[in-house]
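J.: Sequence:
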Amino acid sequence: MADLTIRNLTITPLELLSVQRFQGEKVRTGNVVANVTGTIASFINATDFSAHHLLPRGDSHDARDVSVHLDPFRAVRTEVRAPDPAGREILRLTFRAGDRRYETDVPSPSRKSAVMKRIDGDGDDDGGDDALDLTVVYVPTGAFLAIFSSAKLHAWMKQLDDAWPLPLLSIPGTHNSPTCHTALPSVRCQSVGIPEQLRNGVRFLDVRVSVSPDTDALPLVHSVFPVSLTGIKYFSDMLADIYRFLDANPSETVLMSIKREGAGRGTDQHLSRCLKAGYVDKRPDRWWTEPRIPSLGQARGRIVVVRRFGLDDDLARDAWGGRGWGIDGQHWPDNCEDGTCEGGHIRVQDFYDVTESKNIERKIDYSRGQLERAAEREFHVVGGHQDDEQSGTTLPIFLNFLSGSNFFNATCWPERIAAKVNPAIVEYLCIRHGEDGKGPKELKVGAGSTGIVVTDWVGANGDWDLIRCIVGWNARLQLP
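When the letters of the sequence shown are read in order and numbered with the UniProt record's numbering, they come out as residues 1 to 480.
Heads up, none of these hints are tricks.
For lysine-lysine, the following PhoX-like pairs were computed, each having C-alpha atoms within a straight-line distance of at most 20 Å:
hint: 1; residue 1: 259; residue 2: 233
hint: 2; residue 1: 26; residue 2: 112
hint: 3; residue 1: 358; residue 2: 420
hint: 4; residue 1: 117; residue 2: 152
hint: 5; residue 1: 152; residue 2: 112
hint: 6; residue 1: 420; residue 2: 112
None of these hints come from the bench; they were simulated from the model.
Note that the structure is a prediction, hence the values are computed from the model and not measured.
Please model the entire structure based on the sequences and the hints provided.
T.: This is how it looks when you write it as structure tokens:
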């Protein structure tokens with residue numbers, strides 16, 4: 001059986017102090033009705049459902065003290081035998097960070113990510129903003145444990161320097177973000193609504209609206225379909241949720257890609273006029289519409305517009321001295337592995353035409369490649385300011401869509417693709433991302449950013465592992 005490898009993806013030096021080994025026991029969760037319902041759902045849905053937790057039984061049958069030093073952003077192969085992959089065994093690991101001690105079980109009871117438990121008992125940082133919260137993600141196929149500092153997902157941008165440009169951040173996003181309602185399986189892309197997405201770290205929203213020339217109301221759609229079969233959902237209500245989130249978390253920003261779809265007879269020009277007059281101008285303090293990419297400090301508390309539609313002639317002429325309105329993604333490269341939008345502000349992987357289930361591996365390869373390209377870029381912040389040599393550099397936003405679908409093939413509906421792509425990207429981010437030569441093209445690593453990673457079906461059954469892994473990579477920006 002393989003030895004356990006531990007990768008410290010935080011800025012804090014850690015030390016593994018002790019290892020206890022327990023026999024594992026599956027414990028049923030919920031009641032009988034809930035478990036039967038969940039079992040039926042698991043045949044319909046592809047995302048993980050478990051009616052059991054894996055818990056340690058009795059006393060440890062093996063315990064020993066060790067001393068394994070884990071420097072920031074380094075991986076160490078230990079001499080600790082990994083837990084039995086069949087779930088018959090649990091390791092309890094104790095770590096030290098400074099003068100504090102933390103404990104975690106591997107695998108966690110739900111086999112998803114877990115926040116380490118503080119065990120030294122003085123309680124001086126419980127719930128405080130400065131508390132060190134360590135998240136662990138275990139990848140059993142590689143006997144690999146990754147440790148992140150991404151527990152406080154609701155306000156993760158708070159710890160980052162204002163001077164960082166948004167393209168250098170590692171930002172989780174969702175594809176067709178409002179499609180969490182009862183809908184056709186090929187239309188629904190998300191498990192939970194936008195408020196829950198934002199509370200759990202998502203900071204890029206992909207929004208599609210239908211436009212009519214005689215009203216400012218913007219129904220939310222996915223292609224020609226409404227996002228809900230139980231009644232029309234509107235942009236204005238979604239926007240109210242985003243405003244509430246930013247009011248409560250002023251350190252955060254939300255990038256919003258907006259595109260016209262649906263059966264409405266309105267044009268892109270109608271949409272640009274409607275969006276500006278009917279929404280942005282009513283709360284200008286909450287929007288960033290300048291046609292350039294802001295720094296994090298400039299974007300805090302605002303919605304940054306990524307415009308996937310054409311502009312009305314008057315707006316194009318008058319806005320921002322004739323330079324445009326919003327970050328220009330109008331000429332979006334279609335179905336691409338690595339394309340660039342006109343103007344150079346956006347570089348995107350958006351291969352979505354996954355016509356056969358065998359193409360999912362191709363999608364995974366393209367997604368890993370875009371992660372590697374995003375990680376290659378260099379940038380520095382010196383004394384709270386951009387490095388003078390780079391201050392005039394235009395850094396594009398790297399967008400990496402993990403989504404794909406085929407309306408006519410049930411094995412390629414969004415949830416079924418996400419069930420394969422999302423775990424593969426979690427594994428890549430834990431084991432290979434940010435390591436020189438470990439990506440598909442064996443590129444050198446610069447700042448180690450993931451770029452914006454746009455996902456389907458995150459949060460299903462409480463599984464936020466992918467989001468925690470993406471957010472966790474921002475710690476690299478905080479290295480001295």
